[in-house]
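Residue numbers (this note's numbering), protein chains in the order written: chain A, 1 to 279; chain B, 1 to 229.
Simulated from the structure, these hints should not be mistaken for laboratory data.
Certain hints may be false.
Unchecked claim - Between beta-carbon pairs, the in silico distance windows are:
#1 B:SER34 with A:GLY163: 22 to 30 Å
#2 B:HIS96 with A:ALA176: 24 to 32 Å
#3 A:GLY163 with B:GLY95: 28 to 36 Å
As the list claims (entries may be wrong) - DSS-like, lysine-lysine: derived pairs with alpha carbons at most 25 Å apart:
#4 A:LYS48 with A:LYS117
#5 A:LYS117 with A:LYS137
#6 A:LYS137 with B:LYS121
#7 B:LYS169 with B:LYS201
#8 A:LYS178 with B:LYS121
#9 B:LYS121 with B:LYS149
#10 B:LYS121 with A:LYS117
#11 B:LYS201 with B:LYS121
#12 B:LYS121 with A:LYS111
#13 A:LYS111 with A:LYS137
Where a beta carbon is used, it is the ideal one built from N, C-alpha and C, also for glycine.
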Amino acid sequence: MSRRPARPEALGSIDLSQFLVFLVVDNVEKSTGLTRQSVDKGGVVINKTLASCSDAVASVFDGATVMIGGFGEPGVPGRLIEALRQQGATNLVVIHNGAGFHDFGLAGLIKDGRVRKLVASFPNYPSASAFRERYLKGETELELVPQGTLIERIRAAGAGLGGFYTRTAVGTELAAGKETRIIQGRPYVFETPLHADFALLKADRADRLGNLTYRYAMRNFNPIMATAASRVIAEVERLVPVGALTADEIHTPGIFVDHIVEIDRDPRLFEPRYEETAT
Amino acid sequence: MTLTRDGIAYRVARDLPEGAYVNLGIGIPFLITSYLAPDREIFIHSENGILGVGPVAARGEEDPDLVNASKEYITLLPGSSVFDHALSFTMIRGGHITHAVIGAIEVAANGDLANWRVPGKQVPGVGGAMDIAAGIENLYVAMTHVTNKGQPKILTACTCPLTAPGCVKRIYTDMALIDVTQEGLVLREVAPGVAPSAVAKATGAPLRVANDCREMDVPPAFNGVELRR
């Protein structure tokens with residue numbers, strides 16, 4: 001007797017979602033060579049996908065610390081940030097390399113007065129006007145962290161380390177008040193781990209288990225931030241069946257990811273930005 | 001006659017050795033990519049996770065997911081790789097990137113670098129400058145010799161907050177090529193038509209003229225054009 005499940009049309013009644021599962025299983029089988037038996041055995045139990053960005057950010061609370069991935073535009077979870085802006089949580093501490101652009105995305109959140117403090121390395125380019133305005137009025141606080149130290153502090157939190165010694169910032173005002181130590185004859189500054197309540201990330205492809213891949217410069221802070229927050233949410237451009245991402249190509253294993261939201265990015269909507277250059 | 005910004009970039013490009021892994025800052029340093037011949041195997045690193053950065057993308061062929069640290073749309077060369085920020089700064093801090101060329105506000109005779117903020121009420125930003133200055137062995141500065149008010153930028157001691165102490169190895173300007181040595185600043189080359197005495201006058205620290213100090217070998221096109229500062 002065949003172990004293959006009946007085709008949907010052979011069943012008396014079936015809802016659309018079951019039909020889609022059959023299609024997915026078919027595709028997985030074709031793309032990975034997995035047997036239908038091994039796919040069926042576990043069943044579709046884990047599903048980290050959510051229907052919308054607003055569902056995904058619903059639990060962000062007032063005073064939360066929120067990491068946001070991305071550098072420039074690649075890897076910035078623009079839809080999740082917009083959803084957070086609609087959601088209303090305030091008094092936020094945001095960890096991001098920059099301070100957003102003009103008045104949308106993170107800059108919009110800052111403009112709306114929702115960010116109490118920004119932890120960043122490079123918040124001082126011309127289009128970071130929303131942050132500049134509030135910072136100079138004393139309305140938003142800044143913790144300035146050298147970029148390599150910023151990512152390593154996040155990495156330390158994700159890796160369960162109590163901090164690290166670095167030569168970066170030795171002998172500068174950004175080392176003021178921090179422990180310094182001579183190691184093997186050279187001075188180092190101690191830096192502490194940086195953890196967040198939420199991480200908002202962007203990836204290219206994902207499966208329902210939360211496995212993520214990135215394209216080119218989308219990666220930047222995203223895979224590291226994925227390890228360092230209590231709740232990790234990724235907006236992704238394409239949701240693919242389990243098994244469609246090979247083990248070799250997964251950059252962020254699903255173990256780190258709590259929620260996935262598929263967004264639609266129409267490549268025809270891409271408008272290169274030339275008005276902006278960093279200082 | 002002083003060099004143009006492109007002239008400075010051209011001169012730096014000639015000194016980068018084959019097989020170098022190079023981080024380029026924004027401004028004059030990034031112009032260096034224009035003067036690396038396609039057959040040279042030099043790998044340009046961008047701190048946002050790219051090794052093997054190619055030329056800026058042609059209009060209409062930009063990839064939204066491919067920008068450099070200056071947020072310009074770029075291309076990749078054969079043999080390039082992409083990676084996350086932790087690995088990118090492992091390359092910088094761990095001393096794997098062999099050369100860096102960055103801009104400066106001030107450089108001191110002992111190699112102290114100030115390039116991230118000037119005193120005053122403004123938003124500070126440091127980016128990767130402190131990691132680069134602390135981690136990369138051959139740290140070269142490419143800048144104009146004096147400020148737009150004509151004040152020296154090479155000084156006995158920096159007045160602006162430091163990026164890192166004692167890190168600069170060599171300074172390329174529109175007037176000169178100067179090495180930072182244990183014994184102080186040494187003038188190695190002058191721009192075509194610039195006298196060593198003129199360089200010394202525009203420098204705010206003692207400057208020793210090397211015995212073999214010579215005129216820079218740069219094409220005439222890079223001479224005599226007013227610098228855009």
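Between LYS121 (chain B) and LYS149 (chain B), is the straight-line Cα distance small enough, at 25 Å or below? holds (21 Å)
Whether the CB-CB distance between SER34 (chain B) and GLY163 (chain A) falls inside 22 to 30 Å: Taking Cβ atoms as reference, SER34 (chain B) and GLY163 (chain A) lie about 42 Å apart, which means the hint is violated.
Within 25 Å, alpha carbon to alpha carbon, are LYS121 (chain B) and LYS117 (chain A)? Distance ~18 Å between LYS121 (chain B) and LYS117 (chain A) Cα, so the pair holds.
Agreement of LYS111 (chain A) and LYS137 (chain A) with the hint, judged by alpha carbon distance not exceeding 25 Å: The hint holds at about 12 Å.
So does HIS96 (chain B) sit 24 to 32 Å from ALA176 (chain A), Cβ to Cβ? Between HIS96 (chain B) and ALA176 (chain A), where Cβ atoms are some 29 Å apart, the hint holds.
Hinted pair, alpha-carbon criterion (25 Å max): LYS48 (chain A), LYS117 (chain A). Please report holds or violated. Answer violated: LYS48 (chain A) to LYS117 (chain A) is near 30 Å, above 25 Å.
Mind checking the alpha carbons of LYS201 (chain B) and LYS121 (chain B) for me, to see if they're no more than 25 Å apart? Distance of about 32 Å is beyond 25 Å: violated.
Tell me if the straight-line CA distance from LYS169 (chain B) to LYS201 (chain B) falls inside 25 Å. The hint holds at about 21 Å.
Distance restraint between LYS121 (chain B) and LYS111 (chain A), which requires alpha-carbon spacing of 25 Å or less: Answer holds: LYS121 (chain B) to LYS111 (chain A) is near 20 Å, not above 25 Å.
Starting from LYS117 (chain A), check that the Cα of LYS137 (chain A) is at most 25 Å away, please. The hint holds at about 13 Å.
Cβ separation of GLY163 (chain A) and GLY95 (chain B), checked against the hinted range 28 to 36 Å: Cβ of GLY163 (chain A) to Cβ of GLY95 (chain B): about 21 Å, so the range 28 to 36 Å is violated.
Given hint LYS121 (chain B) paired with LYS137 (chain A) - CA-CA distance at most 25 Å: Status holds; Cα separation ~11 Å.
When the structure is compared with the earlier hints, violations turn up for hints 1, 3, 4 and 11 and for no others.
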